[in-house]
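Trainee: So the sequences go chain by chain: E and H.
So in numbering that gives the first Met the number 0, spot 234 of the first sequence is number 233, and the numbers just go up one at a time.
So in numbering that gives the first Met the number 0, spot 11 of the second sequence is number 10, and the numbers just go up one at a time.
By construction, these hints were calculated from the structure, which means they are not laboratory data.
In this text, a Cβ means the ideal position worked out from N, Cα and C, and glycines have one as well.
Any given hint might turn out to be false.
Stated by the list, open to error - Here are some chain E residues pointing at chain H (derived, C-beta under 10 Å):
no.: 1; residue: E36
no.: 2; residue: Q64
no.: 3; residue: K238
Here are the chains, one letter per residue:
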Amino acid sequence: MTRASGPGEPGARSIEGIDDQRLRWYPRQWRARYGDELAALLDEEYGHHLPVSARFGLVTGGLRQRARASGLGGDSVPAPERVRSGALVVLAAWIAFVVAGANFAKFSEHFDEALPHAMGTHRLPDLAFLVLQTTAGVASFLVVAGALLALPAFVRFLRADGWTLLRGHLLRALGATALTVAVTAPLLMWAHRLTSQQRNGGLHWYGALYLMWAALIVITLTLWTVVAIAAARRVHLSKRMLAAESVLAVAVALAMVVMIAATAAWWGAMAHDAPAFLSARPAGSPASPWDSLLIATVAVMGLAIGVAAVGVTQEVRGWLRMRAG
Amino acid sequence: MRTPSSSRRRSNDPPTLILMSLAGGAKHGHALLKDIEAFAGAKLGPGALYGAITRLEERGLIEPLESDDRRRPYRITAAGSEALADSVDQMSELVRVGQARLKMIPTRRPRLA
């Protein structure tokens, strides 16, 4: 980093700190306040060679400041803001869980056909799958209910110049949605003409296009989540509304726990009754319950639950602080 | 001054070390690191140091001073002095209890001078 600015030059302090690449993990507002003096400290302490430990400290410090800036930490964060941020973290975790769940839905297609027809073999996988589907439906309803509850406040926010703040996020999300819809229609028509074997690894072009489509879905969901979070951080919610949203968020987090338990039960039952189904991809491989796609799916589900737990903890802390006065 | 998070300060946590260092006079970041290393033997990273400075300033326990260069010095406030006194009292109490309980161990060898 160069020391271009001299003493007393107005504006030099904040501009250098903001643009310093070593501090890119810190939020912009923090860099504007502390960036220049931290950069000066780095120059004085390490010169041009920044050791790995210091780099790591800057990454964790920057992420911690970002968490504080978004209301997830720090004593100065007002309690209602902490509750709201906790609920939004649960929402983001839910979106990640939905992506993993969609992957599981694709993986488990026609699983009942792979089960032997002996008495009782269908019972546990079917029951686990039913619990999974029902809980997913209930959780989706809760998320939609949360969005509908916040809708009047959101409309008021849009009318009060909120549109200009959200326009960029909304346009990106709408563009991704349009592209996803445009790709979905021909993909569906093509899939309709293919056999099950062709759809599940038999046709490489279809597989590649399906992966692209899945990536588009993930991008679209992520962009809409960004819109929801950007809006929800700014809309005014009454205490009662905040309470309703946080209860819904806790219920969604609990639903995620039930769903991963049901997934694990389904996995265990299928490994016992029809291990060939779990290892059918790629074709001809020996029967093993440890399918890498399923492991990755459940890992994402577990990660999402971990993130949701952080959100719920923030909510509870916020409420305890609000009750304490 | 007791604040929720300062009521149970540890002797080696960065905010306490920074308050102790600034109690000896105003310092900028680099001087703080050197002073803390000298009196406590603790080497803080720049990320940890500025995380603690941010929190302390938000709570009004330290305040920045004007400076001519990029290095901004900080000084302890009256509230910071109270918080530090509170922490030192807690640590003194811990030391007192520790010393009293050490005397209860019959097999403990006397320390060589």
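Trainee: Work down the list of hints and note, for each, if the structure agrees.
Mentor: Here is how each hint holds up against the structure:
1. The interface hint given for E36(E) holds, since its Cβ lies 4 Å from the closest Cβ of chain H, which is under the 10 Å cut-off.
2. The criterion of a C-beta within 10 Å of any C-beta in chain H is met by Q64(E), whose closest approach is roughly 7 Å, and the hint holds.
3. Hint status for K238(E) relative to chain H: violated, with the closest Cβ pair at about 21 Å, above 10 Å.
Comparing the model with each numbered hint stated earlier shows that hint 3 is the single one that does not hold.
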